[in-house]
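Each protein sequence line maps, in turn, to chains A and B.
Per the working numbering, residue 1 is the first one in the first sequence, and the count goes up by one each step.
Per the working numbering, residue 823 is the first one in the second sequence, and the count goes up by one each step.
Hints were generated in silico from the structure; no laboratory data involved.
In this text, all values refer to a predicted model and were calculated from it rather than measured experimentally.
Virtual Cβ for every residue (Gly too), placed ideally from N, Cα, C.
Among the hints, a few may not be true.
As the list claims (entries may be wrong) - In silico DSBU-like pairs for lysine-lysine, Cα to Cα no more than 30 angstroms straight-line:
| hint | chain 1 | residue 1 | chain 2 | residue 2 |
| --- | --- | --- | --- | --- |
| 1 | B | K1555 | A | K565 |
| 2 | B | K1387 | B | K1342 |
| 3 | B | K1555 | B | K1387 |
| 4 | A | K309 | A | K48 |
| 5 | B | K1387 | A | K565 |
| 6 | B | K1342 | A | K733 |
| 7 | A | K733 | A | K565 |
| 8 | B | K1018 | A | K196 |
| 9 | B | K1555 | A | K733 |
| 10 | A | K565 | A | K520 |
| 11 | B | K870 | B | K1131 |
| 12 | B | K1387 | A | K733 |
| 13 | A | K656 | A | K733 |
| 14 | B | K1555 | B | K1478 |
| 15 | A | K520 | B | K1555 |
As the list claims (entries may be wrong) - Listed below are several chain A residues computed to face chain B (Cβ distance under 8 angstroms; list not exhaustive):
| hint | residue |
| --- | --- |
| 16 | H193 |
| 17 | I217 |
| 18 | K520 |
| 19 | N548 |
| 20 | G549 |
Residues per chain, in single letters:
2 protein chains.
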Amino acid sequence: MTTTATWPNSPAHAPTEEELDRLHAWWRAANYLSVGQIYLMDNPLLRKPLQREQVKPRLLGHWGTTPGLTFLYAHANRAIRQRGLNALYITGPGHGGPGLVAASYLEGTYSEVYPAVGQDEEGLNRLFTQFSFPGGIPSHVAPETPGSIHEGGELGYSLSHAYGAMFDSPDQIAFTVVGDGEAETGPLATSWHSNKFANPQQDGVVLPILHLNGYKIANPTVLARIGDEELDALLRGYGHTPLFFTGGFDDEDPIAAHERFAAVLDEALDQIAQIKQQAQEDAAAGRESERPAWPMIVFRTPKGWTGPKTVDGNVTEGSWRSHQVPLGGARDSDEHLAELDAWLRSYRPEELFDEDGRLLESIAETAPQAELRMSANPSTNGGSVLEPLRLPDFREHAVAVPHPGGATAEATRVLGTWLRDVIRDNPHNFRIFGPDETASNRLQAVYEQTDKQWNAEIEPHDRQEHLARAGRVMEVLSEHQCQGWLEGYLLTGRHGVFSSYEAFIHIVDSMVNQHAKWLKVTNELEWRRPLASLNYLLSSHVWRQDHNGFSHQDPGFIDHMVNKKAEIVRVYLPPDANTLLSTYDHCLRSRQYVNVVVAGKQPGPTWLSMDEAIVHCTRGLGIWEWAGTEVDGEEPEVVLACAGDVPTVETLAAAKILRTRIPALRVRVVNVVDLMRLQDDSEHPHGLAQRDFVGLFGQDIPVVFAYHGYPWLIHRLAYRHDRSSRIHVRGYKEEGTTTTPFDMLMRNDTDRFHLVMDVLDRVEGLATRYAGLRQQMEDERFRARAFAYEHGEDLPEIAGWQWDEGAGAQDETVGATGGDNE
Amino acid sequence: MTTTATWPNSPAHAPTEEELDRLHAWWRAANYLSVGQIYLMDNPLLRKPLQREQVKPRLLGHWGTTPGLTFLYAHANRAIRQRGLNALYITGPGHGGPGLVAASYLEGTYSEVYPAVGQDEEGLNRLFTQFSFPGGIPSHVAPETPGSIHEGGELGYSLSHAYGAMFDSPDQIAFTVVGDGEAETGPLATSWHSNKFANPQQDGVVLPILHLNGYKIANPTVLARIGDEELDALLRGYGHTPLFFTGGFDDEDPIAAHERFAAVLDEALDQIAQIKQQAQEDAAAGRESERPAWPMIVFRTPKGWTGPKTVDGNVTEGSWRSHQVPLGGARDSDEHLAELDAWLRSYRPEELFDEDGRLLESIAETAPQAELRMSANPSTNGGSVLEPLRLPDFREHAVAVPHPGGATAEATRVLGTWLRDVIRDNPHNFRIFGPDETASNRLQAVYEQTDKQWNAEIEPHDRQEHLARAGRVMEVLSEHQCQGWLEGYLLTGRHGVFSSYEAFIHIVDSMVNQHAKWLKVTNELEWRRPLASLNYLLSSHVWRQDHNGFSHQDPGFIDHMVNKKAEIVRVYLPPDANTLLSTYDHCLRSRQYVNVVVAGKQPGPTWLSMDEAIVHCTRGLGIWEWAGTEVDGEEPEVVLACAGDVPTVETLAAAKILRTRIPALRVRVVNVVDLMRLQDDSEHPHGLAQRDFVGLFGQDIPVVFAYHGYPWLIHRLAYRHDRSSRIHVRGYKEEGTTTTPFDMLMRNDTDRFHLVMDVLDRVEGLATRYAGLRQQMEDERFRARAFAYEHGEDLPEIAGWQWDEGAGAQDETVGATGGDNE
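Bound-form chain A, shown alone (with noise of 0.2 angstroms):
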């Protein structure tokens, strides 16, 4: 376990008189230029008298939030030089960016990252005309804002953010401000629970502070009106001390308010010292450490603090009429201009900045320098302090097969071998996250070498259960903490594994969307490092929901994720265990993706040697000779596809029947372990040339294709390939309920008998001459299900059935299991 070195406790001091006016004075300037930002493009240091035509055509921005967030970087900053913290700032109401940009450009990351926005009155002016402008930057926290790893636009996930960047990052403090708007996500109302899993001698710290100011877009916040007595319950029941502060108020003088505020966050930090100081001292007499009540801060303050109070006579400082932009009509109405440069002036920027429009240096040496500044913090550019995983040879891990289905193992099974030893290799920068699901999901092998991280209650008992106060393995009942503490955990440059049921994984269908759009933006930011990839392993499948039935059903994130730019998507559907370790191996080695990986718990053939699936795996799909019929030198007849494991045995079993009933009939047999290859090499990195497309589907033949998902899908991504009908598609048409397997494939017009019928009717001439055995399939079906139900047969098995072709191997049985599988 990596345990935390010493906490930085320099002994902290009330700010002097003279300190105070210097943090005030850095914070009118954060919030002068969050208002520039807002309005200018012109006249930045507002030198000559504001002209109309220096306000911006189109007034775009929060502006409701950024007073408090300069409020609070201001005071972090002053924690940060006077203890020497390690300190990330993360912000959930993450619409304030013009004070995020304010705050970088005033520790000079800014300009050091875009030298075109210099640390002039040019540079100001470029600052200014660029926000919310086309071309420019957004209006959020967005990847372009240095020291950001929390776009914020969609709310909820600061916390889980926080926690996620301070796993394994003993040495850090995440000031995390949570909106009391945000706060009424369910993401986030969960996430305060981060708390039981963090633990104090291997973990950062994060300190919440909730940011009350009183108002969403158009309506009060519910935090900010239950009472302090049930506020402090709820939050004591979080497992927090909670510290309030409430400033702003009634033209309270902010010299005084800064004085308040600086020692509630000495106090907070005097707790968080001491906490971490009892942790070392645990951690080096070999003792656990309990979960402490961290501090925590309630930060009331006004929305919109220091804007204009009224506007056209409607209160507007405090309310939520501040959300956005307060004086709208600055470049129409005299009267708004007016307003709009008193409030401007009321910071006093004259005081601010020198004749070359540079921040004073007595101001700016008040933001810590280097790498101590929140904005430059390497971990908030994780590639840029990303190690590669020692990654194990998962060729070790391989199930023999002695022929193609001559193994049965349970993928997933085998891969949490393999995992295990990534852990054992990786002790300090990988993680798996799941929603209680990493053993129903079958990869419980990795608690041969890891716990799960748990800091609530543990009682004797849990030990033999893999419960711990520090573990690799993160497990609580929400999607959406695994999801946002593994971004948390990437975002700063680890590496990580997100396993789950398929069907709930679109619990974070958002979530993953603004992951998306990040890895977008940072691959066209040339100073953002890439990232490890957003690993996914979808387990407990559409098609093996034997014990929950209809509710777990749905192979529709693909499609979600489908949507998403092509350069970050990659999708898999390995068959088996060798097919799947080859592919997890290259998702751990990528990076900027997001990769969802399917694949299967039950036991079920492995069809590939390991040699044979990393060359399929390589390929991304590829013809099994030994499935199919074909002659050489002639075209088949047919084409079977299959993408998915169960598709993949329904396919084989379908191509069997072929080949007794109909030997003659040239079948070919394809099998699609990355999906993406099977769109257009214009539309997808991955994606064919239309010369290969044609040599594995042919020209003109049928192709009947079993998928795992939606069977639309096929074609979308097949489109500019084929745009005939000779593709069939079957897959999963939202038929379901508690049943089994074979019936499931069975509602679905995917199984095996099936696809022989869909075969009868594809090829011409068949349909008429094998009349009879159509009928006999339909007939099948409904024997094979009533049979397999009653004698509890698992696919493989079913009506008899079990691939025992393989080259060779003709006379061999599927024998038990194979390799290191169990």
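Got chain A; can you put chain B on it based on the hints?
Same frame as chain A, but now just chain B:
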């Protein structure tokens, strides 16, 4: 406002010894039937020795949560009888299906709904055999289960559903069991705050019962491991008065447990009666009621209570090992079979059922009768109590359109005036739900009629913001809560609309999956009556995220929905205010659908008069002759198709450019409102016949289609109609940032100039003949972008454009606002 009738408040008395015995007998019967369902397919009363072959070959189901559910059900029944309560039972851990099936069977409801499953030994045998059996019933509290409005397969929505069910049901109570696993999910974690919205005068009561059985699938739960003190603080922080019950541990005498729990439940119900009485008095006096600290119960009992203490030497009762099927080897192992036998006999079935296999009358009568049975409460079959809305004439809200495009309106703002009148005419069974976006989406006219319901603190100035103790608009910054509330409201027979930003509706992707599945299954159940449709109004859409940028741009919810069954899903993209009115009138009349309506909130042209709009919406798509340059009797040379308000503007702009620059080109303009019309009529009930498709889009001519969302969806929908490459779709291809609407279109090649370029590239011979025009278009878009930004021009005026070529109105310019629009 509806105010509560007299809350039933018959004096409760502690149960007598005999009552406790009978209560216990009912519980034993429910548990016996639950175990029987999981294991047996014969010998249901154990009148013969238990044999292996009487055990099902596949043991599927969840035992762990079941005994707790049946215990609570039995006690709820006692309370209902004593107090005359009108109660629902909502089962968060819905996988405990056997328990609820057992309860409804014991109450007789099951046999009433499914006469084949009678109240005798044969019926019992059917009850057991059908469970989790092919052709039988699901393992969860599914739509098939009488009394259920909540499947619970995807965890997290029990409280939201319960509150939704209780809005406007002042005389009802929902006993709502919250699983402690479920409690870790985000949606559940925030749904505790629902009590800040419920009104004690007008709404019913939710009694949350936190089922703290300590374990999930393979792990302890967070709330079971934070200690009672922290848990108590948390629940008080949620605004509740928690009552703690711990029972069933250390071999507690079950009668003692019953006696103690009865007292706890009575305490909770006494508190509720008092709150309701106070609310009645307040209502009578015309006073508002304060938000009370509603009681709730913490129910800490062993997981798998009354099941095997150990299995194969492992602790089972009180452990996660009870989660599914504790004796997995009952068919294969003598030991497990004997243990199953002993387990079943521990409930002493011979004391519970008479000679025929019928529950003894003395036990049966402990349950309530007729509609007071929770399994037969009419509200749980919402369609049976559904009253159609009284819909005001939407035509009266029409925007007057002197000629196509001859009036400007904000579509959703106009809709708001009609919704205002819908609320006026339906004061008790219609609500609007939104995540703080009702005004942002421009529906504020509704506040002329109603308020936002809010039962947290109200400050005096909130009153002018339409915050009130009761109102028809529910706003909380959680899409999960909005969706859950609306679902609960619909499932109990009412109507509603969910208004949301388009991008963030993905947050409920997984929830709407479950609702669509519920609708699909209930379509197959004769006894379940049709519900009002779930209506989305998605605004602030992808093309108009001027303030927020990339994070707020995602039109993929449509793609997500079309994977659900065609009978369930409808998608509408009305191009203007009048078509939106007509569409929404249709949606509010419809049943059993999920209606997705995407509409803009920005000022835009109104193309059709109301009469034309009605015809157009009834057809779902059609040719806009006035926009094209067709020549009677000749086929057009190109079709410009469009779906969505912004693409419609661009398409008409492109049509105008073409008309001006290539007057001889025969252009047809087709607008699509009902997206499902693009499918084949064999795939979707709204689908077009092939003949009609050709009639609109021609046979072989190029089609340039400007679509609101991800372009490939159009191919997927029109796939069966047209597999050629002649349809060329433009749409959002995941390029965006904070920028102007025109720049957004440009980034995605969907702007008017690019559409013209597409026409030039697609219609034979034009590219060479009009090479100059092509280049000009390329230049024009860059010029237009800069000019539009600088002059704050919106789409209808880009590059000086306006649609002024309406029939007979060539000389008119686009006027100011028409009709009743402001």
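Taking the hints in turn, this is what the structure says about them:
no. : hint                : verdict
1   : K1555(B) x K565(A)  : 8 angstroms, holds
2   : K1387(B) x K1342(B) : 7 angstroms, holds
3   : K1555(B) x K1387(B) : 26 angstroms, holds
4   : K309(A) x K48(A)    : 25 angstroms, holds
5   : K1387(B) x K565(A)  : 27 angstroms, holds
6   : K1342(B) x K733(A)  : 12 angstroms, holds
7   : K733(A) x K565(A)   : 26 angstroms, holds
8   : K1018(B) x K196(A)  : 27 angstroms, holds
9   : K1555(B) x K733(A)  : 26 angstroms, holds
10  : K565(A) x K520(A)   : 7 angstroms, holds
11  : K870(B) x K1131(B)  : 25 angstroms, holds
12  : K1387(B) x K733(A)  : 8 angstroms, holds
13  : K656(A) x K733(A)   : 25 angstroms, holds
14  : K1555(B) x K1478(B) : 25 angstroms, holds
15  : K520(A) x K1555(B)  : 12 angstroms, holds
16  : H193                : 5 angstroms, holds
17  : I217                : 5 angstroms, holds
18  : K520                : 7 angstroms, holds
19  : N548                : 6 angstroms, holds
20  : G549                : 4 angstroms, holds
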